[in-house]
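Given chain E's structure and the hints, the job is docking chain S onto it.
Order-wise, the sequence lines are chains E and S.
Take the first sequence: its letters are residues 1 to 91, numbered as in this note's numbering.
Take the second sequence: its letters are residues 1 to 91, numbered as in this note's numbering.
Treat the hints as calculated values from the structure; they're not laboratory data.
Each hint should be verified, as a subset may be incorrect.
When chains are identical, the list treats them as one kind, so a pair holds in a single copy or across two.
With a straight-line cut-off of 25 Å between C-alpha atoms, the simulated PhoX-like cross-links for lysine-lysine are [to be verified]:
(1) Lys-89 - Lys-37
(2) Lys-5 - Lys-37
(3) Lys-36 - Lys-89
(4) Lys-5 - Lys-36
Just so you know, these numbers come straight off a predicted model, no measurement behind them.
2 protein chains.
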Amino acid sequence: MDELKSLRDSLDRIDRSLIELIAERFRITGEVGQLKKRMNLPSTDRERERLQMERISALAEEYGLDPQIARSVLRLLIDEAVRNHNRIKEG
Amino acid sequence: MDELKSLRDSLDRIDRSLIELIAERFRITGEVGQLKKRMNLPSTDRERERLQMERISALAEEYGLDPQIARSVLRLLIDEAVRNHNRIKEG
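So that you can see chain E by itself, here it is in the shape it has in the complex:
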């Protein structure tokens, strides 16, 4: 059971880093939202999203991760960022 505990401690450390990175990502997309509002740009940029999805799939392959999982996580983060952009525009 010590081995399980040690692996779970590693997972908990990774999860902290993930949360830290995701929080940082939303700080930056918040700045993107402010900028889009100032420049009167649309909240969604389908071409940029397409490139992000392609890039994330290539990165997943590079790191030996299932690209579908990588895309699902990115989809979740992008959708929330777009919702935030819309809130910024309306606010």
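What follows is chain S alone, placed relative to chain E:
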């Protein structure tokens, strides 16, 4: 537009780190799966999941991230890890 480009470059760097961390997370949950198979433990541990969800919510608050987003990402990663554990057991 230079400012938008610079912010997007930062997002791309963060996304690479995220993918690297998530890939590392699945390497570790793969080891957990092997261990659970050897020790004949169930693929799912509801109490551990409950603690992970509580912890991730607290971490999200600490880093100024919406806890709901943090839980959605963790849910996605845990569900896939459990599917992988089941595959390891059957394999």
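Right, here's what the structure says about each hint:
no., hint, in the structure
1, Lys-89 - Lys-37, "within (6 Å within a copy, 51 Å between copies)"
2, Lys-5 - Lys-37, "between (47 Å within a copy, 16 Å between copies)"
3, Lys-36 - Lys-89, "within (8 Å within a copy, 49 Å between copies)"
4, Lys-5 - Lys-36, "between (46 Å within a copy, 12 Å between copies)"
No hint from the list above goes unmet by this structure.
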